[in-house]
Amino acid sequence: MAGVEMPIVTHPLQAFVTEPLKPFLHVILVSATLHVYISQTDRGEVLIGSEIEPYSSYSQASTLNFLEVTARHSVELLPVLGKVRIMRAWGGLCDVTPDYSPIMGETDVQGFYVDAGWGTYGFKSAPISGRTIAELIDTGRTPELIQPFAVSRFWDRTLVSEIAAAAVSH
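Take the sequence shown: its letter number 9 is residue 9 in the working numbering, and every next letter is one higher.
FYI, nobody ran anything at the bench for these hints, they're computed from the structure. Please note that a few of the clues may not be correct.
What the hints assert, rightly or not - Derived Cβ-Cβ restraints for the label pairs, each shown as a range:
1) A116 <-> E19: 28 to 38 Å
2) A61 <-> G130: 22 to 32 Å
3) A2 <-> T41: 15 to 25 Å
Nothing here was measured: the structure is a model prediction, and the numbers come from that model. Cβ coordinates follow ideal geometry from the N, Cα and C atoms, glycine included.
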């Protein structure tokens, strides 16, 4: 809407929870081989998710294919889940750039700043992201920490590869 071209594609990310179980899992399990992560909530539900879907979409609906594949991988990792019922599933959206790194900083539109393209790990970076963007707005100078993440890197061919930063592959 601001007329700024952003090389961002949106991919669905899905998860589901099981019926509550007596607490047994006190860590987050992640398998890069099976592309699954598993944790248990305080209510006993087992939260299970996977990597972003390989196709671009704005749909936030959960798919049968995701449920089948991810449930199978979860049972392979934790056989105790074999007879547990899935209670609900959902999807969200992840905005991803070609180099899997965020776009941060000023744009060609005066007063229009961007902080987007974080994929699956933006929520973990929100505190420092907010601080550095606020510093940029306040001082008019781009903090050194976010200089490599300028949108111009896509045109200058100075990409920043952050694909290994996430626990589950993008």
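Against the structure, the hints come out as follows:
no., hint, in the structure
1, A116 <-> E19: 28 to 38 Å, "holds (36 Å)"
2, A61 <-> G130: 22 to 32 Å, "holds (30 Å)"
3, A2 <-> T41: 15 to 25 Å, "violated (39 Å)"
Hint violations for this structure: number 3 only, all remaining hints satisfied.
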